[in-house]
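Using the sequences provided together with the hints, build the complete structure.
There are 2 protein chains.
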Amino acid sequence: MTDPAITAATNHQFTLASRPQGAATRENFLWAGVPVEQPAEGGVLVKVLMLSLDPAMRGWLNEGRSYIPPVAIGEVMRAGGVGRVVASKNPAFAEGDMVYGTLGVQEYALVAGGDIQRSGLVKIDLNVGSASQWLNVLGMPGMTGYFGLLDVGQARAGDTVVVSGAAGAVGQTVGQLAKIKGCRAVGIAGGEAKCQWVVNELGFDACIDYKAGPQAVREGLKEHAPKGVDVYFDNVGGEILDTVMAKLARKARIVICGAISQYNNPNSAPAAGPKNYLSLLVNRARMEGMVVFDYADRYHLAIAEMGGYLKDGRMKSREDIVPGLENFPEALGRLFSGQNFGKLVLEVAKD
Amino acid sequence: MTDPAITAATNHQFTLASRPQGAATRENFLWAGVPVEQPAEGGVLVKVLMLSLDPAMRGWLNEGRSYIPPVAIGEVMRAGGVGRVVASKNPAFAEGDMVYGTLGVQEYALVAGGDIQRSGLVKIDLNVGSASQWLNVLGMPGMTGYFGLLDVGQARAGDTVVVSGAAGAVGQTVGQLAKIKGCRAVGIAGGEAKCQWVVNELGFDACIDYKAGPQAVREGLKEHAPKGVDVYFDNVGGEILDTVMAKLARKARIVICGAISQYNNPNSAPAAGPKNYLSLLVNRARMEGMVVFDYADRYHLAIAEMGGYLKDGRMKSREDIVPGLENFPEALGRLFSGQNFGKLVLEVAKD
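Respectively, the protein sequence lines represent chains A and B.
All residue numbers for the first sequence refer to the UniProt record's numbering, where the first residue is 1 and numbers rise by one.
All residue numbers for the second sequence refer to the UniProt record's numbering, where the first residue is 1 and numbers rise by one.
Because the hints were derived from the structure by calculation, they are not lab data.
Each hint should be verified, as a subset may be incorrect.
Note that the list lumps identical chains together, so a pair holds whenever it fits in one copy or between two copies.
Said to hold, decoys possible - Calculated cross-link-like contacts (lysine-lysine; reagent style BS3-like; alpha-carbon spacing at most 30 Å): (1) K275 to K251; (2) K211 to K275; (3) K179 to K222; (4) K181 to K251; (5) K275 to K227; (6) K275 to K222; (7) K179 to K251.
Structure below.
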């Protein structure tokens with residue numbers, strides 16, 4: 001039943017060759033081609049179309065278990081992605097089904113029957129959102145923004161919500177959702193173009209360009225969060241976290257989603273701790289970490305709600321699509337230099 | 001009606017002379033005697049018996065508003081204390097009543113009618129606890145421990161609760177209350193004597209001597225909190241906070257009550273931030289600040305409950321009583337060098 005072209009095809013892939021010190025580069029990965037294998041009973045073969053490039057990937061390259069185990073040396077680099085089932089021996093999936101799952105940085109993902117759940121392989125509906133939106137607002141970044149803002153951050157109408165990485169995948173969801181829920185949304189992003197897009201296209205109330213310096217961030221918060229910050233959704237850590245912590249409102253909630261400014265610290269040095277943490281005491285405020293996987297049993301609710309917002313135009317999304325699997329290492333680097341504009345996606349195949 | 005001896009008496013007091021850089025010393029205060037004045041309509045004159053010496057006092061000496069305004073230069077140094085009403089023109093208080101309130105570092109506190117509420121002046125019952133216990137487990141430290149552990153820390157039976165400053169005023173309440181609520185209580189204290197007292201007298205499950213070094217704290221936590229720390233009640237900040245953060249259990253709660261290791265930082269330098277704060281992310285944990293005054297409307301409930309524990313012997317208390325108002329500056333210094341053993345109290349008068 002399988003297309004003979006696929007059977008004869010080579011599966012190009014990036015495996016992890018060495019653990020990076022500082023930023024990951026091409027030298028840390030091995031580019032190889034292996035034969036495409038057919039699924040055994042219960043398994044599925046997926047042709048990878050798009051891969052999600054995320055800050056968390058950098059953490060997976062470090063030795064030592066974090067919230068999930070690291071990628072092993074020699075293992076295909078881990079990545080979530082969207083693909084099309086090209087061969088199935090599992091009754092839950094049919095050839096032609098569009099799926100999301102942990103597919104890896106490769107052209108074809110062979111998911112064994114026993115690995116379907118661990119890979120999070122699920123069918124997706126392209127009528128609800130495009131393939132790249134399924135990696136963005138309907139995918140992990142969107143789920144992170146949704147549950148981080150509403151469950152962990154407890155954002156309520158009237159709150160001032162500040163989000164860093166505002167033009168990124170998580171940030172764009174957080175700010176738009178904050179507006180929909182009746183909050184004031186203030187973004188922090190790098191550069192004038194991102195800031196303008198966030199305000200003019202996404203409808204944030206304001207956006208502060210952190211590249212203008214710490215003083216600009218301080219003044220921006222003073223102007224745009226005059227009563228203090230009720231919810232700070234932190235994707236970046238470092239100096240920006242320090243600055244926002246100096247402007248907390250009473251009973252503020254800080255959602256610790258990530259710390260991209262710290263992920264490339266050499267020798268896995270710990271992130272710089274927030275200098276102003278005693279602001280938590282003075283303001284009776286709270287700082288709480290989140291990992292999106294904890295909310296898996298409620299993803300479907302968030303997808304239904306946000307799919308509705310995409311349909312009725314209350315929510316927009318922007319993806320920064322880099323073509324070519326072979327460009328993976330450099331594409332990943334764009335995240336950490338802030339070069340991406342919107343959710344960073346690697347296009348592996350058109351269809 | 002007023003005792004002529006009092007009318008003729010001098011009120012000795014310490015006023016703030018200059019703002020300390022680093023530790024506060026005698027040079028920062030002015031020792032003076034002023035005539036005792038009689039209360040006007042609505043006012044009360046209190047003879048001060050015992051004053052509470054607390055880490056928070058150091059913060060009140062810095063310029064700039066924290067959760068309460070700083071003590072002004074020339075103002076009587078702020079302090080909570082227990083005293084006896086010696087003259088009253090307020091129907092709520094009678095001569096001879098024992099009271100608690102913000103009395104100041106002086107022999108006599110004249111509380112004007114309009115200041116009764118701001119001073120938190122309330123009658124206390126010496127049948128529930130001794131005067132020094134009213135500054136300890138039944139006073140602000142006890143209230144801090146009670147609401148910090150149960151409300152902010154959400155301690156539940158079966159949790160492992162770790163508390164720093166375990167032999168101090170707040171720490172002794174936290175650990176004993178944790179035991180009463182069915183938790184495992186692990187203290188961190190300075191020196192073998194404090195550790196032994198906390199375990200043998202107060203019934204903590206274990207106590208780690210931080211003076212044995214960071215490695216000892218790490219190993220102690222490994223041994224005594226093998227499944228990780230569910231609640232960390234932090235009175236000290238600094239390196240101990242870092243070390244505990246590396247041992248958090250999933251969904252841990254850190255209660256930020258104080259950071260005594262950081263209060264004497266020169267030039268009001270900010271406290272050192274917790275290096276391991278991304279442990280909050282990995283462990284989906286939370287760090288939350290508290291200020292005890294927020295719970296004022298429920299003090300009576302905590303006092304009733306803990307008064308019961310004192311009566312039935314399930315809770316003990318220890319106060320370190322330094323006699324002599326004139327010794328205030330040096331007595332305060334004992335807190336920051338960890339010399340006090342139990343709640344530090346300054347005895348101003350016997351009766």
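Now the hints, each set against the structure:
| no. | hint | verdict |
| --- | --- | --- |
| 1 | K275 to K251 | both (19 Å within a copy, 23 Å between copies) |
| 2 | K211 to K275 | both (20 Å within a copy, 25 Å between copies) |
| 3 | K179 to K222 | within (20 Å within a copy, 45 Å between copies) |
| 4 | K181 to K251 | both (19 Å within a copy, 27 Å between copies) |
| 5 | K275 to K227 | both (22 Å within a copy, 29 Å between copies) |
| 6 | K275 to K222 | both (19 Å within a copy, 27 Å between copies) |
| 7 | K179 to K251 | both (20 Å within a copy, 29 Å between copies) |
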